[in-house]
Amino acid sequence: MKLTLRVWRQKNADADGAMSTYEVDDISADMSFLEMLDTLNEELILKGEDPVAFDHDCREGICGACSLVINGDAHGPERTTTCQLHMRSFQDGDTIDVEPWRASAFPVVKDLVVDRSAFDRIIQAGGYISAPTGAAPEAHATAVPKPDADFAFEHAECIGCGACVAACPNGAAMLFTSAKINHLNVLPQGAPERETRVLDMVAQMDEEGFGGCTLAGECATACPKGIPLVSITGMNKEWLRAARKSGRR
Amino acid sequence: MTRTVWDSSVGKKAVMAVSGLIMLMYLVVHMFGNLKIFFGSGDFNHYAHWLRTLGEPFLHYEWALWIIRVVLVVAVVAHATAAYQLSRRDIRARPSKYVHKKPRSSYATRTMRWGGIILGLFIVWHILDLTTGTAHPGGFQPGHPYQNVIDTFSTWYGDVIYIVAMLALGLHIRHGFWSAAQTLGAGSRTRDRALKTIADVLALVLTVGFISVPVGVMTGLVS
Amino acid sequence: MTAASEYAAYTTGAPVVDSKAPEGPVNERWDTRRFEAKLVNPANRRKHTVIVVGTGLAGGSAGATLAEQGYHVVQFCYQDSPRRAHSIAAQGGINAAKNYRNDGDSVHRLFYDTVKGGDFRARESNVHRLAQISVEIIDQCVAQGVPFAREYGGLLDTRSFGGVQVSRTFYARGQTGQQLLLGAYQALSRQIAAGNIEMHPRTEMLDLIVVEGRARGIVARDLITGRIDTYYADAVVLASGGYGNVFYLSTNAMNSNATAVWRAHRRGAYFANPCFTQIHPTCIPRTGDHQSKLTLMSESLRNDGRIWVPKAQGDTRPPNEIPEDERDYYLERIYPAFGNLVPRDIASRAAKNVCDEGRGVGPGGQGVYLDFADAIGRMGRAKVEEKYGNLFDMYARITAEDPYTVPMRIYPAVHYTMGGLWVDYDLQTTIPGLFAIGEANFSDHGANRLGASALMQGLADGYFVLPSTINDYLARNPHHAEVTDEHPAVQEVLAETEDRLRLLLAVDGDRTPDSFHRELGELMWEFCGMARTETGLRKALERIPQIREEFWRRIKVPGTGEEFNQSLEKANRVVDYLELAELMCLDALHRSESCGGHFREESQTPDGEAARRDEEFSYAAAWEFTDSGAAPVLHKEDLVFEYVHPTQRSYA
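Protein chains in written order, with UniProt numbering: chain A, 1 to 249; chain B, 1 to 223; chain C, 1 to 652.
Please note that a few of the clues may not be correct.
[Claimed, not checked] Here are the simulated lysine-lysine pairs, DSS-like style, with alpha carbons at most 25 Å apart:
1) 11(A) <-> 196(B)
2) 11(A) <-> 47(A)
3) 101(B) <-> 2(A)
4) 237(A) <-> 146(A)
5) 47(A) <-> 97(B)
6) 2(A) <-> 47(A)
7) 38(C) <-> 20(C)
8) 20(C) <-> 636(C)
9) 383(C) <-> 146(A)
10) 196(B) <-> 237(A)
11) 47(A) <-> 539(C)
Treat the hints as calculated values from the structure; they're not laboratory data.
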């Protein structure tokens, strides 16, 4: 098929950006969206133009690197990552708008590449269980009820792509932050740091300049791993509990 | 702890939820009181007077009413301040918009923000109109709320302002009640449907209940 | 004399010996070594800087553990976050000899299975240590909050996995790698926050700094600004993963590359068994020339799926219309004892054979069916969905076919490289102070890696082995003279790096980096893939220098070096693939036996199985670099088997 692409081009973090229009031809329906962009880039390189920069790595939907807003949707029209989106989701002759994640906490690095290090700093603030190597007790010493283990897993599935922030009208990182808090706080191993974890991570999230939650629900709709909106409710509950407890100390 | 709560986007949202729920409780009572207007001026004025003597002899005359007023003012101020600060944070967090626009993406957010502003302005007008009488059409008569209400709803703009504000109130409560439940951590996957139904019912009952008064006046049912 | 034959005329140097593995019973060696290794006084540790390149399972766990011990760690990854390393894509699980199932498993059995599975080309001491440590890994990960699958009683669930008969694989649905990696990433994050790790994301190592014979630092490029910087340390740890991307199409991440290990090799680290590459049997077949990478489907699917092709050649009927008696469940037929669960190399080759016979299915006849109809009939769709739901979804998304109703199509693809930098028992390369861990080294899997063992090895190296052995090096070499950019050795490395990038930008030819990569990959897949022959390998050895020459004549890289430039990154990686590929072919050519993933058509049993030739090839081949395109020197490390006696593997 033949497509018209309108792609956000921005030389670097300080430059102004704008949409540029490109035509691509001979696109197969079996191509992934990124393979379609590869095709465009091969042409641009041969023409001596700067190819479109975009983040991508595993192309299996798990590393969380790819991050394109396609026709206004984070990761495009299907509920998956950009790399798992295939061209069969589009029609011959379509015009497709491709933009980077937009949020002030995710500044653009170049073209469609943004800086998501704010997510790393949220995890650094408390998204872990302090378990120094070698200090672990026998794995079967603590049984974890299967529903809790499943709950933890469902939240641990987050790939840190940032689609939730990109989709949120407030540029909020609530879904990302809550996924990690719910994952760790439900486990017995995570209990000792339960309060500090949620307080510190939420504080860091605010510090990074993410917006707040108005429960618009766009994050959960965009999440390629299906982290539910109620995850944020769980985080709120944990936060209020922790704030109460810390007030008593 | 107060600092922890107020300094955090999650805590500030909880302040909004709690203050919102206080106002919601008040509104339910307020709406039931309003319905007394359909039983004639005696009932309605008596009810208004009772509000002032509530809690006597333990409380002095009008103390209960003032306590309620103070609580409500604190709730309104906290709600509005938190809303303002959170909205500013939200707007700062997303300074540049997508070139490709999606209409649906901010329905709830927009409803809450514009609805909130409408309601804030309404409250000011409502107090000036029926509590202090400053902006009342015709002669305001302290102690005669029945007549005052009829005066207000006998003007076209009184009806329009009130009905528009009550529709905004319905939408605000519809998202706000469910939202408050999530903010306070009371939502869950199994409870979601129930919470949404309660929110819908509350919004509907309050809107219909409040709007019935100007409608009553307009149709001549209340005169 | 052509360039190819010059390169193939390698010489054999002195044998290389693993001087660190202690003598004595195999099950006591690790304890002995840990006791003999010198320790660094805790107060002195923060004066030592250790560079770790890579943040996958090995690098992430090593960085976190070294920082916990008190070392100052400077860590690098090319990704925008350490959480994205390709370990994240591992699906199936992680082996551990816990024997929770009481099904006869033990450390010794895991050791035995791994040595046997590796077709007797791995070191016994290393493998035994790996099996011992496997048990601790599970404890460690559970303590970190890794949400492994659990039974209703709240205890950990396990499953059996490719090539073994016990149920020792711990898993987290089909995302075990992700969960283990996030565990390591979180431990790493904790140390970054504590100020013990200086993390450099989006920074790629371009060369190794060796001063007075010791690894003292790296040259790295900031991928955002293009700035080239030097970083110094008392020891350098490479945890940069495997080199499967030499093949262009592989299950590796797009940006996984061999630059760190290849540059280290060029600076003096021996490269061992480069031809030992694993072809994974259950990948989604390619759909066309646009294909940029291949996606693996966890081999856990082979536990319940049945693999078949039509009995007749060129049978183009849809699979559901082919009656039962016209199907050939070839793995079950040829290997009745193991059936669909034979090791990866055997399953892959069998698929290639049936496709070569013209019985392959799907576009181009490059595929076989993996059928869940029986499993759905037996367990019900819900149970199948619970076990494999995410894999089925992934398959459906990529192929637009519903695997619940139509059998999946699978085909082998390059997946893992057993070869890597030669390391001793301490995981130290032949350059003192340079360590290699995880897939970057060659140590534990021999000629074929068993399923669910990569995660085990990465974490064993990073959490437990390296943090114990690196102490010994640092304690014995406590006072290094400070190195600065002015040192002639550093000047030389910097100049070489800058020249290389400048040249890439200056050629301004008419071919893209990807076009060369693809050409090389196709050549390697054809001649150094699932089946190799002397003729084919010689052909490849002749062709590679020609591609290399063409590359430096016709490469086109737009933009400059002082900016975010993904074409430049790619081109620079291809430079190294073009040299490494040559060594892989030479290694494959010289090893004229078949073993594990290395199948030489000249060396097979009468029924077409791999025939090892132990008397000639029971050694690890460690290659020493001499010059680009010049014949390397082979150093043999003899492999001695005291506990698991080499037999011809049989899974029939």
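So, going through the hints one by one against the coordinates:
For the suggested pair residue 11(A) and residue 196(B), the alpha carbons sit about 47 Å apart, so the restraint of at most 25 Å is broken. Pair hint residue 11(A) plus residue 47(A) holds up; C-alpha atoms about 18 Å apart against a cutoff of 25 Å. Our distance criterion of 25 Å between C-alpha atoms is met by residue 101(B) and residue 2(A), whose separation comes to about 23 Å. For the given pair, residue 237(A) sits about 22 Å from residue 146(A) by alpha-carbon distance, which is consistent with the 25 Å threshold.
Restraint check for residue 47(A) and residue 97(B): not satisfied, since their Cα atoms lie roughly 31 Å apart, outside the 25 Å limit. For the hint pairing residue 2(A) with residue 47(A), the CA-to-CA distance comes to about 19 Å; that is within 25 Å, so the pair holds. As the CA atoms of residue 38(C) and residue 20(C) are separated by approximately 13 Å, the hinted pair is consistent with the 25 Å bound. Straight-line distance between C-alpha atoms of residue 20(C) and residue 636(C) comes to about 16 Å, which keeps the hinted pair within the 25 Å bound.
This hinted pair checks out: residue 383(C) and residue 146(A) have alpha carbons roughly 16 Å apart, not beyond 25 Å. Taken as a hint, the residue 196(B) and residue 237(A) pair is honoured in the structure, with Cα atoms around 19 Å apart against an allowance of 25 Å. Simply put, residue 47(A) and residue 539(C) have alpha-carbon atoms about 33 Å apart, too far for the 25 Å limit, and the pair is violated.
Of the numbered hints given earlier, the model fails hints 1, 5 and 11; all others are met.
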